[in-house]
Amino acid sequence: MVKFNRRQFISLSTVGVGAALVGNWLRRGTSSQLVTSRAINSQPLYKSSNGLLELDLEAREHPVNLSGKKAHLLTYNGQIPAPRLEAQPGDKVRIHFTNNLSQPTNLHYHGLHISPTGSADNVFLRINPGEKFNYEFDIAQTQPAGTFWYHPHLHGLVAEQLFGGLAGLFIVRGKEDEIPEIKAAKEEFLVLQDFSLDERGRPLSSMHMSLMMGREGDLITVNGQVNPSFSLPAEGLLRLRILNASTSRFYRLMIEKHSFYQIATDGNTLNEPIEVRELLLTPGQRADVLVKADNQPGQYRLLNLPYDRGNMGMMGGRGMMGRNNRDVPKVLATVNYESAVEPLSLPTKLASISGLPEPLTVRRFELNHGMTPGVGMAFLINGEPYHSNLIHTQVQLDTVEDWEITNTGIMDHPFHIHVNSFQIISRNGQPESLPAWRDTVLVRRGETVRIRIPFRDFAGKTVYHCHILDHEDLGMMGNLMINA
Amino acid sequence: MLKLLSQITIVSVVIAAVVGAGIYLTSTQGVNKTVSNDNSAVANKNLASATLVSVWDKETEPDYLGTTEMTVYRSPSCGCCGVWVEHAQKHGFKIKDIKTEEMEAIKQQHNVLAELASCHTAIIDGYIMEGHIPADDIKRFLAEKPDDLVGLAVPGMPIGTPGMEARDIKQPFQVLAFNDKGEVEVFKEYQSY
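Protein chains in written order, with our numbering: chain S, 1 to 484; chain E, 485 to 677.
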């Protein structure tokens, strides 16, 4: 080791001072009070009828009561989270959208298999402040029922607008909901969002957030509430439909003394329930789970366990400031049941997911970040930052491809593809055993994930990107042209 | 000399900046394209290939007569550290550029608190210069040679700092001076630049 010519006046006591500083952050992070207010089911809802889901949707800044705190957030129709939309396969959807934000915006229908063009899932639309746009599209008869969602997707502003609160569920009801055990279970929706508010209750400006890591807020809400309570019915089966609508925060979920029986990944029904103790949800991902009341009556906490999505290289075990909450489990919600119940049996057969044919085409994508000429610091796919004028990848409609996505960086990246869902084939060469459809897959640092994706039904230009939305805004996105 | 702020005061300053501390950037040269078809672009690729001109390039301390020999420790894979080294060289510093995988050990050895940490650590004239500090501030600091302070730091990697330029994003940041007790004060603040 090199010896330095320097004065020896730094004492080891500085380490202790550092720890005291960390303490301040910790207190900040846990200062939000425990409130359980209005009933969960009072969430606003728009349902289709006679084959049509039609509504007015206005994006605007609006004061909301965020668990007892007055907050000025970005909302759809004044609501945090946004109104839940429900439709069925075969329905027409008409959304009369008004942008009353101070920035341009648009809508993305995350997970829906609809056209990426025109007035459907068109992320290239730019709806300026004060402008209106009528979204109109058909949900195909073949659209599987599931938990999907909608949020803004105008490149460069996505993270800021989601962090302001703009996100809502888009539920497709279908035959999967008619499975007797699922139908009998009590259904609850959990929209996970995190916020960081200044003293006036406004979201902290992007300029004060860590965009490199991806912004995280210290106020975590479930349906706009801190630690809401969910009760299990006498039948003893609870169906939780969970959405991670945070811009960057990962959730590693666990319920005390209970297992999750996962029945859907990203809204797509599994072949059979899978028992898991923990559930990792990256931004953009959804999970549908059943919870059985198979313990003593009481209250059980839904916890968010620590997860390290990038250890910052050289800082190693010393911990990163502002992210110290990853060391402590946080209570997100409480599940309770009053009396001993006889839980319903779990369903055994849910769906039949079949494998896809071996593709002719294999593409490779490398996720990383670095300096690029003309752009500077950027997040990159195959060494290039996003550019709106380029077509980064061209595929042929009605073909199947394998995409091998490698993360050579030092942070985890959840990779999301619009319009078409895919199956995971392998991780680091190890075959994936669970047959499942997804639209967002976690590619951990150092990992290679191979996915198989069929391009079906819809031609046109769309995108794939990292769903840590600051990374997406900073360039980790590509244009995908699906040629007819 | 400058007045030391309480630790609590700096919490809000540091919280934004430090969250990303220590991310170092890996260049993505040499993507191994052994695939049947690569992702060729159809549109014009010759966009904006001009080098990014940094707002930090202008000379603001022309009369600096202090030490110019600086040792910079950085990870071999740190791209933005290299850009910062170029920035420092442009301003007349002679850099001994040491690439090491032992950045954590280097920071521990120099008692760079985790709250102050960035990617690279530089040593000049016995002082610690942590992260993406504008060269001009280093000169101003060394001209004063404060004996109650041990160095400067720009915690984390705020976008827009020297070596961290990205498009037109300019995150406000503060250059913090720190002493051997772990106390910190604001040496210079950049709100817009």
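Don't take every hint at face value.
Keeping only pairs whose Cα atoms sit at most 25 Å apart, straight-line, the calculated SDA-like set for lysine to any residue is [unchecked claim]: (1) E:Lys654 / S:Leu204; (2) S:Lys461 / S:Ala120; (3) E:Lys654 / S:Ser102.
If you're looking for bench data, these hints aren't it; they were derived computationally from the structure.
Earlier hints that do not hold, by number: Result: no hint breaks.
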